[in-house]
Amino acid sequence: MNKNLPKWVDLGLIPLLTLALAFAVSGLVVLSIGQDPVEVVSVMVKGALCNPATDSSCFSGIGHTLYFTTNFIFTGLAVAVAFHARLFNIGGEGQAGLAGVGVALVMLSYNWPHWSIALVVGTLAAMAFGAAWAAIPAYLQAKRGSHIVITTIMFNLIATAIIGYLLVGPMQAEGSLPESASFPKSAALPTMYDMFGWFGLAFDKNAPANISFVLAIIAAVLVWVLIWKTRLGYEMRAFGHSEKAAVYAGISPLKITMIAMLLSGALSGMMAVNTVQGEAERLLLGSVEGAGFIGIAVALMGRSHPVGVVLAAFLFGVLTQGGAELQFALGIPAEMITVIQALIIMFTGSLENMVRIPLEKVFIRAGKGVSS
Amino acid sequence: MSGKTEDAGRLDAVAPAIELIGISKAFGPVQANKNISMTVAKGAIHGIVGENGAGKSTLMSILYGFYKADSGSVKIDGVPTTISDSHDAIAAGIGMVHQHFMLVDNFTVLENVVLGAEEGATLGPSLRKARKELKRLADEYELDVDPDALIQDISVGFQQRVEILKALYRQAEILILDEPTGVLTPDEADHLFRILRNLKDQGKTIVIITHKLREIMDVTDSVSVMRRGEMTKTIATNTTSPEDLAEAMVGRRVLLEVNKKPVEVGETVMQVINLSVTDAHGVKRLKNVSLELKRGEILGIAGVAGNGQSELLEVIAGIGAATSGEVLMHGEAIDVSKHANAELRRHRGISHVPEDRHQRGLVMPFMTWENTAFGYHNEPEYSGKFGLANQKYMKKDAREKMERFDIRPPNPQLVASHFSGGNQQKIVLAREIERNPDVLLIGQPTRGVDIGAIEFIHQQIVNLRDAGKAILLVSVELDEIQALSDRILVMFDGVIQGERMPESTDEGELGLLMAGVDPEAKQ
Numbered sequence: 001m002n003k004n005l006p007k008w009v010d011l012g013l014i015p016l017l018t019l020a021l022a023f024a025v026s027g028l029v030v031l032s033i034g035q036d037p038v039e040v041v042s043v044m045v046k047g048a049l050c051n052p053a054t055d056s057s058c059f060s061g062i063g064h065t066l067y068f069t070t071n072f073i074f075t076g077l078a079v080a081v082a083f084h085a086r087l088f089n090i091g092g093e094g095q096a097g098l099a100g101v102g103v104a105l106v107m108l109s110y111n112w113p114h115w116s117i118a119l120v121v122g123t124l125a126a127m128a129f130g131a132a133w134a135a136i137p138a139y140l141q142a143k144r145g146s147h148i149v150i151t152t153i154m155f156n157l158i159a160t161a162i163i164g165y166l167l168v169g170p171m172q173a174e175g176s177l178p179e180s181a182s183f184p185k186s187a188a189l190p191t192m193y194d195m196f197g198w199f200g201l202a203f204d205k206n207a208p209a210n211i212s213f214v215l216a217i218i219a220a221v222l223v224w225v226l227i228w229k230t231r232l233g234y235e236m237r238a239f240g241h242s243e244k245a246a247v248y249a250g251i252s253p254l255k256i257t258m259i260a261m262l263l264s265g266a267l268s269g270m271m272a273v274n275t276v277q278g279e280a281e282r283l284l285l286g287s288v289e290g291a292g293f294i295g296i297a298v299a300l301m302g303r304s305h306p307v308g309v310v311l312a313a314f315l316f317g318v319l320t321q322g323g324a325e326l327q328f329a330l331g332i333p334a335e336m337i338t339v340i341q342a343l344i345i346m347f348t349g350s351l352e353n354m355v356r357i358p359l360e361k362v363f364i365r366a367g368k369g370v371s372s
Numbered sequence: 001m002s003g004k005t006e007d008a009g010r011l012d013a014v015a016p017a018i019e020l021i022g023i024s025k026a027f028g029p030v031q032a033n034k035n036i037s038m039t040v041a042k043g044a045i046h047g048i049v050g051e052n053g054a055g056k057s058t059l060m061s062i063l064y065g066f067y068k069a070d071s072g073s074v075k076i077d078g079v080p081t082t083i084s085d086s087h088d089a090i091a092a093g094i095g096m097v098h099q100h101f102m103l104v105d106n107f108t109v110l111e112n113v114v115l116g117a118e119e120g121a122t123l124g125p126s127l128r129k130a131r132k133e134l135k136r137l138a139d140e141y142e143l144d145v146d147p148d149a150l151i152q153d154i155s156v157g158f159q160q161r162v163e164i165l166k167a168l169y170r171q172a173e174i175l176i177l178d179e180p181t182g183v184l185t186p187d188e189a190d191h192l193f194r195i196l197r198n199l200k201d202q203g204k205t206i207v208i209i210t211h212k213l214r215e216i217m218d219v220t221d222s223v224s225v226m227r228r229g230e231m232t233k234t235i236a237t238n239t240t241s242p243e244d245l246a247e248a249m250v251g252r253r254v255l256l257e258v259n260k261k262p263v264e265v266g267e268t269v270m271q272v273i274n275l276s277v278t279d280a281h282g283v284k285r286l287k288n289v290s291l292e293l294k295r296g297e298i299l300g301i302a303g304v305a306g307n308g309q310s311e312l313l314e315v316i317a318g319i320g321a322a323t324s325g326e327v328l329m330h331g332e333a334i335d336v337s338k339h340a341n342a343e344l345r346r347h348r349g350i351s352h353v354p355e356d357r358h359q360r361g362l363v364m365p366f367m368t369w370e371n372t373a374f375g376y377h378n379e380p381e382y383s384g385k386f387g388l389a390n391q392k393y394m395k396k397d398a399r400e401k402m403e404r405f406d407i408r409p410p411n412p413q414l415v416a417s418h419f420s421g422g423n424q425q426k427i428v429l430a431r432e433i434e435r436n437p438d439v440l441l442i443g444q445p446t447r448g449v450d451i452g453a454i455e456f457i458h459q460q461i462v463n464l465r466d467a468g469k470a471i472l473l474v475s476v477e478l479d480e481i482q483a484l485s486d487r488i489l490v491m492f493d494g495v496i497q498g499e500r501m502p503e504s505t506d507e508g509e510l511g512l513l514m515a516g517v518d519p520e521a522k523q
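Quick mapping for you: the protein sequence lines, in order, are chains A and B. Be aware that the first sequence starts at 1, since it is given in this note's numbering, and climbs by one per residue. Be aware that the second sequence starts at 1, since it is given in this note's numbering, and climbs by one per residue.
Each hint should be verified, as a subset may be incorrect.
[To be verified] The calculated label-pair distances, taken between Cβ atoms and stated as ranges, are:
id	chain 1	residue 1	chain 2	residue 2	range
1	A	I217	B	S417	32 to 38 Å
2	A	G145	B	H347	25 to 31 Å
3	A	I150	B	L115	31 to 37 Å
4	B	S417	A	L222	26 to 32 Å
5	A	L254	B	E520	46 to 52 Å
6	A	P253	B	E507	51 to 57 Å
7	A	R144	B	G266	45 to 51 Å
8	A	G164	B	H347	48 to 54 Å
[What the hints assert, rightly or not] A short list of chain B residues far from chain A (calculated; beta carbon distances all over 10 Å):
id	residue
9	D148
10	I235
11	V258
12	R345
Calculated from the structure, these hints are not laboratory results. Every value quoted in this text rests on a predicted model; they were computed, and no experiment measured them. Every residue, glycine too, gets a C-beta built ideally from N, C-alpha and C.
The task is simple: from the sequences and hints, build the whole structure.
Now the structure itself:
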C-alpha cells in the first residue's frame, strides 16, 4: 500500500487517470486511421453493453461481454492470488487449457443426471487439472529455484501441444474436425437467458454467458476472504513481502509456493467451466483464446484486489466485445482493439508512475500525505 | 562555530570551508531541517550528532545535492554555491562516504576509484593515472589498499578506505562521512581516525555524522547537536562532555549506563555443542562453536559483523541449518538440520529478536496488529475457526502491547514502515518478550535505534534476565556488550576467540580478540 497517498487516490483516482490517458492516446491512434474517436467509443460501448432482448438494433451485447468478463475474472484472480505470494504465474493459458481437458473427460465419461451435479464435478475437474498443471512449475521453483515465469511459459506451450494431440488423437470425435464429442445435453449448464428466465426476466437467448459468472463472483469473494481474513492468506502475504521474514516466522516457503500456485492454477482452470462446459459443450482447439494472458493485465490493473480484478475484468470484457463490434460496424480491423488493450496494459502496468509521482507531489504539498 | 578552538582561531582569517545559512527542508508535514545555520572552519574535523530522524542525514544530503533545500543558502570557501546534484558537489570539492558503501563488488579497487571519472574512450590512460595517484595518496595518508584487489575480497575497513580514496581522487577538499565506524573493529576505527587527522593536517575539512558520542569526543574539534530538525547546540569539543551532548540530543538527562544488579545465575538452559555451519559457497562460517547459556544471565557475543555470530543465532533460531554439531534445550536436542522450523522453536521456549528487523523481524507493509502476532499467528489465541485469523483479538493485543512498550504513535493500524527505528524495534521486542520465553536470542538490539529508546530496550532485556530467563545477546556495539553482558564471548572468523568477564576486561583486550589476536598468547 502506498503510504503517501490516501486510499481513494491509490485505488480509485490513479487507475481512472491512467485509464483516461490510455483512452486519450487510443483516440489519437483512431484519429490517425481516419476514424472519428467519438463514434468509435459509442459503437464500442453500445456494442458491449446493449441487450438484444430489449433492443432490436443490438446483436450480441452484454451477454457476450459478461461471458468474456467471467473468463477474465477467473484468470485475473489466479494471477492476483499468486502475486500476493510474489509468484508471477504466466501459466494461466496452459492451466485453463488443461482444465478444459479435465472438464471434457468428466463430462464425457458419465451421463450426469442434472446440471447442478455436472457443475460441481466439472468445477472440481477444472480446478484439479488447472492446479496440477501449476504444481510442477511451483515445485521446480520452490525446490530447484527454476524461475516460475520461464517454466510457466514453457508449460503453456506444452499444454497447447498436449491438447492438440488429444484433439486429433484419443479425444477426437468422429469426423475430421479437431474437437471432442459434444457433452450430453442433459447436463448442460444454465445460460444467463435461463437464469433470467427463472425470475421472469428477459435476456439474450443466444448469449454465451452462463452460470459460471456467478461462480466467478463467488470465487472473487472467497479469494478476498482467503487473502485478507485467513491465516493462510496472512502467511502468503508475509511470504510475498519478505521471504526472509516468512522463514523467521516459521512459514515454509515450499508450502506457501505450492499452495499459492495450486490455488492460482485451480482458479485459472475454473475458466474452463465457462468456456468448455458452459458455452462450447465440447473441447475445442484454442478454447482459452488468450484469456490467460489478459488475466495478467486484469490483475495488474485491479491491483491484485478481488474488487479491482472484477472491475478490470469487466473493462476488458467490454473491450473484447466492443472491439468485435467495431470490426463489424465500422470495418476497423480487430488488431486495433489489441492496440487499445495494449495501451491500457502499458499505461496501467508500466506507466503508472507517470500519474502517481505528480499526484504524490500534489498531496505532499497539500500536507495530506505522510512523509516517511 | 565559535572560534574557541585552537584550529578555528588560527584559521580565522580564512573563509570557512562550509557555511550553511538558514537551511530549511520539509517532507510533507515533517520539517526535517528548520532554519539551520552552521559554519565549519577550514581544516577542522566537525561532528554532527543527533538521534535518528533528527535531520543530520537530510542536512548532509542537501550539502551533497541529493535534496534541494526549501530555503537557505550554502557557501563553500566563502563563495555562494548552488549544489543541485552530486556533480555540483564534487565540482565544489565535496566528497561523501556513505554509510552503505557505493562500490561495485566485482570491480577492482582501481576500477571503483575511476568509475564515473573516466577520461577518454578507453580505460587504459585513466587507470594508469589513477594507479599513480593512489600510490601518492597511500603514502601521504596511510591509505594503502591493493589497487588490483576485488572489492568483494577486501574487508569493510579497506572498502571504506576505497570510498575515501574515491573522494580524494576527485580532489575533494571537504569530506563528509556518514556513520563511518558502524562496521569497523575498534582497531580499524583507530586507523580511520589517524587517516582523518592526516587529512586534516593537509588542510582538508571533515564532517562526521555519528551517534557514538565517544568518537565525537576523541576525534572532532567542534560538534553540532541536532534535535527534531533543529540545531540545538554547536560547541568546541573540548568544552563539552558525552553527558551534555546526550542531553542536548534527547532533550532530557539520559542514563548512559545500564542499571543492572547482580543476579544469581541458575542452571544451564541451553547448550551448543561443536556447532559448525558451511554456507552455500562452501565457506565455513561457524567452526565447532560450543557454549552454555544459563538462567539469569546475559551472554554477550562480541565481534565484528560477519564473523559467524549471525549464523549462530540463525541456527539456534531454526532459520539456518548446521552442518554438524547439536543444540540442547533443557538437555534435549533440537532440530538444527535444514528441516528445522522457527515456529517449533517458539514452542520450545526460544524467542528471537532478529538482527535485521526490516527483512526478518517485521513485515514492513504489514500493519502493527499483523506484526505483533507474526510468528505466533497460529497460536490458539490468534486463531479463529476455519483457518481464519482472530483479527479482533490481534488488534486488541496489539493495542495493549503498544501501550505497555510505549510504542508511538499508538495506532495498531499503521504499517511498520511508518514507525521510527526505535519504535519498530519495540514492536519486535514486545512480541518476543511478552511470550515469556526461556531463552531470548537477540541480535543488534539497538541498531538504528535512538538514544531514548536504547535506554528502554536495555532495561527490558535486563528485566527479562532478572526474571530468571537466559539471554543470548549478539551485538557489534562493544559498549552495548560491555554494559549488558554478565559474560562475554568474542567471535572471530567463526570461532570463539575468547571468553571474558565484563568486570575484568577492557575495550582494548576485547578489540584485539575481535581482530583475531589472542592477547594472552602474545605475552
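When the hints from earlier in the document are held up against this structure, which numbers fail? 6 and 12
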